[in-house]
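A.B. asks: Sequence:
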Amino acid sequence: MLDFTASPAVIRAVVEGERLSLGYQANPAFGAELARIDPLPHQRLAVYQHLLPQTRLRFLLADDAEAGKTIMAGLYSQTVFY
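So for the sequence shown, our numbering puts the first residue at 6; every next one is plus one.
There's no promise every hint is true.
[Stated by the list, open to error] In silico lysine to any residue, SDA-like type, Cα no more than 25 Å apart, as pairs: (1) K74 to F64; (2) K74 to H47; (3) K74 to E38; (4) K74 to Y53.
[As the list claims (entries may be wrong)] The calculated label-pair distances, taken between Cβ atoms and stated as ranges, are: (5) A18 to K74: 34 to 42 Å; (6) T60 to V19: 31 to 39 Å; (7) A18 to H55: 33 to 41 Å; (8) T10 to F64: 48 to 56 Å; (9) T60 to A40: 20 to 28 Å; (10) L45 to V20: 29 to 37 Å; (11) G22 to A70: 35 to 43 Å; (12) V19 to A70: 40 to 48 Å.
Please keep in mind that the hints were generated in silico from the structure rather than gathered at the bench.
Just so it is clear, CB atoms sit at the ideal spot from N, CA and C, and this is done for glycine as well.
Let the hints inform the model, and build the full structure from the sequences given.
C.D. replies: Right under this line is the structure:
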């Protein structure tokens, strides 16, 4: 028998936790959605079209100064190790 006496805030927290725990299966860019940053288009392209499709990462991430290499490395690691 179902019990509907729980607080709506508790139910929302449980549902949100479940959504976050399974979100990476439906969305390959889930790491970017969880990050507190807004990656630029060239950063998304580098991570999701060049780095992630490789079975074994052997990639030199070299770009101009202030181009966001740290952000790209963070997106990659968050997506792979999440």
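A.B. asks: Hint by hint, note whether the structure agrees.
C.D. replies: Hint check:
no.: 1; hint: K74 to F64; in the structure: holds (12 Å)
no.: 2; hint: K74 to H47; in the structure: holds (10 Å)
no.: 3; hint: K74 to E38; in the structure: holds (18 Å)
no.: 4; hint: K74 to Y53; in the structure: holds (14 Å)
no.: 5; hint: A18 to K74: 34 to 42 Å; in the structure: holds (36 Å)
no.: 6; hint: T60 to V19: 31 to 39 Å; in the structure: holds (36 Å)
no.: 7; hint: A18 to H55: 33 to 41 Å; in the structure: holds (37 Å)
no.: 8; hint: T10 to F64: 48 to 56 Å; in the structure: holds (53 Å)
no.: 9; hint: T60 to A40: 20 to 28 Å; in the structure: holds (24 Å)
no.: 10; hint: L45 to V20: 29 to 37 Å; in the structure: holds (32 Å)
no.: 11; hint: G22 to A70: 35 to 43 Å; in the structure: holds (40 Å)
no.: 12; hint: V19 to A70: 40 to 48 Å; in the structure: holds (45 Å)
Every hint from the earlier list agrees with this structure, and none is contradicted.
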